[in-house]
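Enquirer: So the sequences go chain by chain: A and B.
Letter 152 of the first sequence, counting from 1, is numbered 151 in numbering that gives the first Met the number 0, and no numbers are missing.
Letter 163 of the second sequence, counting from 1, is numbered 162 in numbering that gives the first Met the number 0, and no numbers are missing.
No lab work stands behind these hints, which were simulated from the structure alone.
Quick caveat, the model's predicted, so the values are computed rather than measured.
Heads up, some of the hints might be wrong.
Identical copies look the same in the list; a pair holds intra-copy or inter-copy alike.
[Said to hold, decoys possible] Straight-line Cα separation of at most 27 Å, DSSO-like style, residue types lysine-lysine; simulated pairs:
no.: 1; residue 1: Lys45; residue 2: Lys62
no.: 2; residue 1: Lys45; residue 2: Lys132
no.: 3; residue 1: Lys126; residue 2: Lys33
no.: 4; residue 1: Lys45; residue 2: Lys31
no.: 5; residue 1: Lys33; residue 2: Lys45
no.: 6; residue 1: Lys126; residue 2: Lys37
no.: 7; residue 1: Lys62; residue 2: Lys126
no.: 8; residue 1: Lys33; residue 2: Lys62
no.: 9; residue 1: Lys132; residue 2: Lys37
no.: 10; residue 1: Lys132; residue 2: Lys62
no.: 11; residue 1: Lys62; residue 2: Lys37
no.: 12; residue 1: Lys128; residue 2: Lys31
no.: 13; residue 1: Lys62; residue 2: Lys31
2 protein chains.
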Amino acid sequence: MHVYLIRHGIAVSPELATSDRERWLTDRGILKTKAVAKQLVRSGLKFDLILSSPLVRAVQTAKILRDVGLSDRVEIQPELAPGGSIQAWLESWPTPESKSTPDSIALVGHEPDLSQWAELLIFGEIKHKIILKKAGTIGIQFPTSALVLGQGSLHSLIPPRYLQ
Amino acid sequence: MHVYLIRHGIAVSPELATSDRERWLTDRGILKTKAVAKQLVRSGLKFDLILSSPLVRAVQTAKILRDVGLSDRVEIQPELAPGGSIQAWLESWPTPESKSTPDSIALVGHEPDLSQWAELLIFGEIKHKIILKKAGTIGIQFPTSALVLGQGSLHSLIPPRYLQ
């Protein structure tokens, strides 16, 4: 089982939006995220499911990933909003609507949450040692289809600069 | 200060060489390593110095990195041979011949040593949680020019599949 944690692209500054939830991707953010997504497809990546934070910039990022062919499905996962709980998400995973044993899922969200979720999945504790850039990807593999904190191994951490 | 740990490319199987030290890159290993190196150059990477394990497959890899323009200098570092000691290397670093404060160096070597060196640089202990493929790159940054175990942060872990 592979889990990919993908940070949203570059979004407009907070003063331009009426709330943080509404901040949308800039034109440059869209272009850069598309370039990253296309290179991820070229490298052979495919997700059974993309789960996205409900915030606009994350949903836009998830849809870009879907539209280039990285997945057929995007669902909103409220725990991927800033400050969400990985434990709460894992208790509900897999949902009855999800395939029971997906091989590969992507989680689209925010920092510092995603790098902390990654560290929890790999080490079982937060270490503040992983740097995840906007439109960057963390790839973690598990020995079985069960997602258990501390059981993951890190196989990739891809800043966008390498994919353009 | 950035340290990049780069694993040698695909080498011939042990039975084809008279000793492990002599194992050389296969034609496919050379092609794949060149493709990776060119993409690393395109992404803007540059090393002040490449230190290589003395084994043939590592030296060949280091020279490919140099020849595409990732660095002007390759030096052999005996501690990068399999089983070498990061502590022994750090005690001799920087050498009088090295620039006293390089911004970026690459270490070319072997597994499981390189991923363990990376974990020592980041966490101060070996965790067996980083997977480094052949011709893969680990990127670590430090807050100052001093390399101190446990002081690094991981910013990239690039399997070759993303760079071709």
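Enquirer: Between copies, within a copy, both or neither: which fits lysine 45 and lysine 31 at Cα up to 27 Å?
Expert: Result: close both inside a copy and across copies, 19 Å intra and 22 Å inter.
Enquirer: Can you tell me if lysine 62 and lysine 126 fall within 27 Å by alpha carbon in one copy, between copies, both or neither?
Expert: neither (30 Å within a copy, 35 Å between copies)
Enquirer: Please work out whether the CA atoms of lysine 33 and lysine 62 approach to 27 Å or closer within one copy, between two copies, in both situations, or in neither?
Expert: within (10 Å within a copy, 34 Å between copies)
Enquirer: Is it within a copy, between copies, both, or neither that the alpha carbon of lysine 62 lies no farther than 27 Å from that of lysine 31?
Expert: within (14 Å within a copy, 32 Å between copies)
Enquirer: At most 27 Å between C-alpha atoms: does lysine 132 with lysine 37 qualify within a copy, between copies, both, or neither?
Expert: Close inside one copy (17 Å) and across copies (22 Å); limit 27 Å.
Enquirer: How do lysine 132 and lysine 62 come out at 27 Å by Cα distance, when the copy is not named: within, between, both, or neither?
Expert: within (19 Å within a copy, 30 Å between copies)
Enquirer: Regarding lysine 126 and lysine 33, is the shortest C-alpha distance of 27 Å or less found within a copy, between copies, in both, or in neither?
Expert: neither (30 Å within a copy, 35 Å between copies)
Enquirer: Cα distance capped at 27 Å. Does lysine 128 pair with lysine 31 within a copy, between copies, both, or neither?
Expert: within (25 Å within a copy, 30 Å between copies)
Enquirer: Treating 27 Å as the Cα threshold, decide for lysine 126 and lysine 37: within, between, both or neither.
Expert: neither (31 Å within a copy, 33 Å between copies)
Enquirer: Reference check for the pair lysine 45 and lysine 132, CA-CA at most 27 Å: within, between, both, or neither?
Expert: Answer is both; intra-copy 21 Å and inter-copy 20 Å each pass.
Enquirer: When Cα atoms must be at most 27 Å apart, do lysine 45 and lysine 62 count as within-copy, between-copy, both, or neither?
Expert: Answer is within: at 14 Å inside a copy they meet the 27 Å cutoff, but 34 Å across does not.
Enquirer: Are the CA atoms of lysine 62 and lysine 37 at most 27 Å apart within a copy, between copies, both, or neither?
Expert: Classified as within; 13 Å inside a copy, 31 Å across copies.
Going through the hint list in order, the structure does not satisfy hints 3, 6 and 7.
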